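Participant: Could you put together the complete structure from these sequences and hints?
Respectively, the protein sequence lines represent chains A and B.
Letter 58 of the first sequence, counting from 1, is numbered 58 in the numbering used here, and no numbers are missing.
Letter 142 of the second sequence, counting from 1, is numbered 142 in the numbering used here, and no numbers are missing.
Careful: at least some of the hints might be erroneous.
Stated by the list, open to error - With a straight-line cut-off of 27 Å between C-alpha atoms, the simulated DSSO-like cross-links for lysine-lysine are:
1. B:Lys337 to B:Lys407
2. B:Lys336 to B:Lys489
3. A:Lys95 to B:Lys409
4. B:Lys489 to A:Lys95
5. B:Lys409 to A:Lys86
6. B:Lys489 to B:Lys540
7. A:Lys95 to B:Lys407
8. A:Lys15 to B:Lys27
9. A:Lys15 to B:Lys409
10. B:Lys336 to B:Lys409
11. B:Lys407 to B:Lys489
12. A:Lys15 to B:Lys179
13. B:Lys409 to B:Lys489
14. A:Lys15 to B:Lys517
15. B:Lys407 to B:Lys336
16. A:Lys86 to B:Lys489
17. B:Lys407 to A:Lys15
18. A:Lys86 to B:Lys407
What the hints assert, rightly or not - Sample of chain B residues facing chain A (criterion: CB under 10 Å; computed from the structure):
19. Ser44
20. Gly47
21. Phe149
22. Ala262
23. Ile263
24. Phe342
25. Ala478
26. Gly480
What the hints assert, rightly or not - Stretch-level coverage of chain B by chain A, calculated; a stretch enters the list once three of its residues show a Cβ under 8 Å from a Cβ in chain A:
27. 90-98
28. 248-254
29. 374-382
30. 494-506
Derived from the structure by calculation, the hints contain no laboratory data.
Here the structure is a predicted model, which means the values were calculated and not measured.
Positions of the beta carbon are idealized from the N, C-alpha and C atoms, including for glycine.
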Amino acid sequence: MNLLQIIESLRRNLKTVVLGCYAVLVLVVAADVTRWALTAHSREAPVTAESVQGFWASLFEAAETIPVFWTVFGFLGCVLLVIVSKAVVGPVVTKPEDFYDE
Amino acid sequence: MSNLWIHPSLLLIGGALLLPLIPKAFKKAFLLAVPLATFGLVLSMLGQPAAVHGQITFLHWTLTFGRVDSLSLVFAVIMSGMCCIGTLYGLHVEEDAQHSAAWVYVSGSLGAIFAGDLLTLFLFWELMAFSSVFLIWFRRRPESTAAGFRYLLVHVAGGLSLLAGLILYVHATHSIEFKLFAIHNTSVAEYLILIGIILNAAVPPLHAWLPDAYPEGTFNGSVFLSAFTTKTAVYALCRGFAGMELLVWLGVIMSLYGVVYAIIENDIRRLFAYHIVSQVGYMVAGVGIGTALAINGACAHAFAHILYKGLLFMGGGSVLFMTGETRMSQLGGLYKKMPWTFLLTLIGGLSISAFPLFSGFVSKSMIVQAGFDDPHLYWAAFFLMLASIGTFYCNGLKVPYFVWFGKDKCSPAVRERAGDPPWNMLAAMGLAAFLCIFLGCYTPALYNLLPFQAAAHAYNAYTPFHISETLQVLLFTALGFFLLVRLQKIEPHAGTNVDLDWFYRIGGRAFLWLARKPVQLIDTAVGEIYRVGGLVPLMKSASLVGRFDNHVIDGAVDGLASTVRSIGQRLRGVQRGAMQDNLTVGFAIVAGLILAFLFFKGFSS
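Facilitator: So, in structure tokens, the structure goes:
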């Protein structure tokens with residue numbers, strides 16, 4: 001079976017593929033929770049210098065101690081980046097294609 | 001160890017000069033043999049103790065052409081290797097000059113990397129700028145010619161900053177050795193050198209030349225461009241400015257700057273170019289952090305980056321070469337025609353996104369980890385994690401989806417022409433894709449090359465935490481992407497995104513207007529006054545003088561006149577506006593002036 005046939009068969013079964021993708025997402029989250037549960041007893045309190053108490057230190061602590069922190073970070077980060085780029089930066093810098101033509 | 005040390009750049013320059021003389025039957029073999037020989041030569045230096053070769057005494061300075069140590073070798077290995085892949089990719093290009101320009105460009109990079117002193121560094125630095133511009137000009141579109149000139153002007157300005165810094169530095173320290181500068185009490189001279197280097201690394205606000213010029217290069221020229229200039233600058237930063245805190249700031253800013261512009265970009269090769277800015281941001285931040293792990297990370301990431309960015313530009317180049325189109329608003333649904341290009345480009349996209357088992361995963365994470373190791377740098381590490389979301393969004397999702405799937409917006413001509421590219425292009429992409437996966441799976445291949453061996457062996461990218469963290473970030477970025485596709489919020493639209501090159505593109509136009517309108521007006525007025533007030537009486541007196549001249553002076557002056565005419569003919573070449581010739585002459589004059597300056601400084605001190 002050549003590459004094109006593989007792609008086309010995946011497209012024909014798009015519903016199954018999408019379901020499979022959701023299953024992977026669930027698995028990833030479940031795996032992280034498991035990892036968190038397994039390492040909870042051995043986790044030491046994060047060492048933070050006095051001078052860096054504050055937002056970044058608490059964010060770091062959250063990343064170390066809260067399960068699925070990076071799931072939230074990934075999803076919100078993606079949406080936030082797209083909104084900032086498309087809705088704030090885009091309208092300012094995007095000009096017609098022939099902007100620099102004389 | 002033998003005493004004979006051959007500079008790898010010599011092979012490439014020699015090959016570039018010989019190439020036009022090679023008979024057609026042997027041309028392809030020669031094209032492959034020269035980069036392979038260079039690569040082999042660099043590989044033969046591995047495993048030997050650090051040494052200095054090729055020292056030449058010039059006036060009373062010692063020029064060092066071959067400083068071979070672990071830092072220069074890791075860059076030299078990947079650059080000579082990429083030269084093989086890039087040449088294979090463009091193997092079917094008939095024009096010798098294109099290959100020669102690329103090889104001279106690579107030799108400039110290798111020369112700068114092996115340079116042990118600032119003067120040699122500068123020499124090869126300029127060689128890079130003046131050879132690489134041809135990779136843009138050879139596309140032969142009016143836009144490319146203009147972009148090439150802008151590229152050259154920006155790099156000449158950067159080169160001048162480097163040169164000015166070099167002269168001041170040499171004057172102050174009486175040393176031309178290229179070593180770690182004073183990163184705390186940095187002098188003006190060192191800042192000028194830094195500006196010259198970070199311009200080549202495309203650090204904002206000195207970055208606009210890159211997304212302006214690289215998408216205008218030839219389909220294979222841009223593959224070379226994407227690899228050498230910025231990574232040579234990263235090498236120079238590692239050597240000269242490791243641990244400078246300013247670089248952490250600049251690196252983080254550029255990693256996000258590139259991402260934001262890439263998200264709104266429509267042209268795939270320009271999108272990839274903005275991701276060079278973003279990825280080099282990681283390396284610059286790594287250099288700024290300056291710990292053994294961070295410097296290892298910067299080198300490893302440069303190594304991995306050259307391969308996956310080359311692969312992405314080869315994918316974009318294939319789309320350009322086969323369809324003549326690179327705007328996502330005019331593409332879509334190409335998987336039927338170019339399935340292999342899709343798969344190979346996707347591998348590049350997964351590598352740059354640092355997916356587990358791909359090269360970026362084992363290199364980028366070192367820099368981020370170095371940030372998380374220092375509580376004062378948590379902010380930098382979090383912002384770099386945020387940038388990696390945008391990296392996957394653009395390279396791993398947006399380009400593959402909107403070029404090969406999504407809505408088919410191809411014109412009939414584009415659809416007709418589309419197809420997987422010739423064998424040599426696919427082979428080069430396959431080779432790069434294999435190496436991306438190989439480096440990601442077998443980490444010692446890369447880690448054994450890094451400058452700080454103890455830190456490299458102590459580092460493990462494949463910890464459960466790191467794998468889990470990466471998969472969560474990337475897969476939920478993908479979820480966000482497909483949701484936004486579903487909501488029809490991110491369809492690519494035609495448009496030009498104005499960047500800081502606006503200042504010199506529009507500024508240059510203002511200068512032209514000034515030259516055309518007011519200056520021309522004055523010129524016309526002066527001409528008119530001259531014609532009425534000066535020319536008519538002059539003609540009369542001239543005819544009198546002419547008669548006198550004909551009879552008396554002619555004989556005496558004849559000899560002189562012919563001399564003057566021959567000088568005039570030579571000067572005419574300069575006046576004709578052959579810009580490239582003039583630049584060469586100008587460059588030679590500047591180089592002569594520096595040497596004269598150094599010469600006299602040498603005598604006076």
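Participant: A separate judgement is required for each hint: does it hold in the structure or not?
Facilitator: Verification of the supplied hints:
no.: 1; hint: B:Lys337 to B:Lys407; result: holds (15 Å)
no.: 2; hint: B:Lys336 to B:Lys489; result: holds (25 Å)
no.: 3; hint: A:Lys95 to B:Lys409; result: holds (21 Å)
no.: 4; hint: B:Lys489 to A:Lys95; result: holds (19 Å)
no.: 5; hint: B:Lys409 to A:Lys86; result: holds (21 Å)
no.: 6; hint: B:Lys489 to B:Lys540; result: violated (78 Å)
no.: 7; hint: A:Lys95 to B:Lys407; result: holds (23 Å)
no.: 8; hint: A:Lys15 to B:Lys27; result: violated (52 Å)
no.: 9; hint: A:Lys15 to B:Lys409; result: holds (24 Å)
no.: 10; hint: B:Lys336 to B:Lys409; result: holds (14 Å)
no.: 11; hint: B:Lys407 to B:Lys489; result: holds (14 Å)
no.: 12; hint: A:Lys15 to B:Lys179; result: violated (59 Å)
no.: 13; hint: B:Lys409 to B:Lys489; result: holds (17 Å)
no.: 14; hint: A:Lys15 to B:Lys517; result: violated (65 Å)
no.: 15; hint: B:Lys407 to B:Lys336; result: holds (13 Å)
no.: 16; hint: A:Lys86 to B:Lys489; result: holds (9 Å)
no.: 17; hint: B:Lys407 to A:Lys15; result: holds (18 Å)
no.: 18; hint: A:Lys86 to B:Lys407; result: holds (20 Å)
no.: 19; hint: Ser44; result: violated (38 Å)
no.: 20; hint: Gly47; result: violated (39 Å)
no.: 21; hint: Phe149; result: violated (14 Å)
no.: 22; hint: Ala262; result: holds (8 Å)
no.: 23; hint: Ile263; result: holds (4 Å)
no.: 24; hint: Phe342; result: holds (8 Å)
no.: 25; hint: Ala478; result: holds (8 Å)
no.: 26; hint: Gly480; result: holds (3 Å)
no.: 27; hint: 90-98; result: violated (count 0)
no.: 28; hint: 248-254; result: violated (count 0)
no.: 29; hint: 374-382; result: holds (count 5)
no.: 30; hint: 494-506; result: holds (count 7)
Checked against the numbered hints listed earlier, the structure breaks hints 6, 8, 12, 14, 19, 20, 21, 27, 28; every other hint is satisfied.
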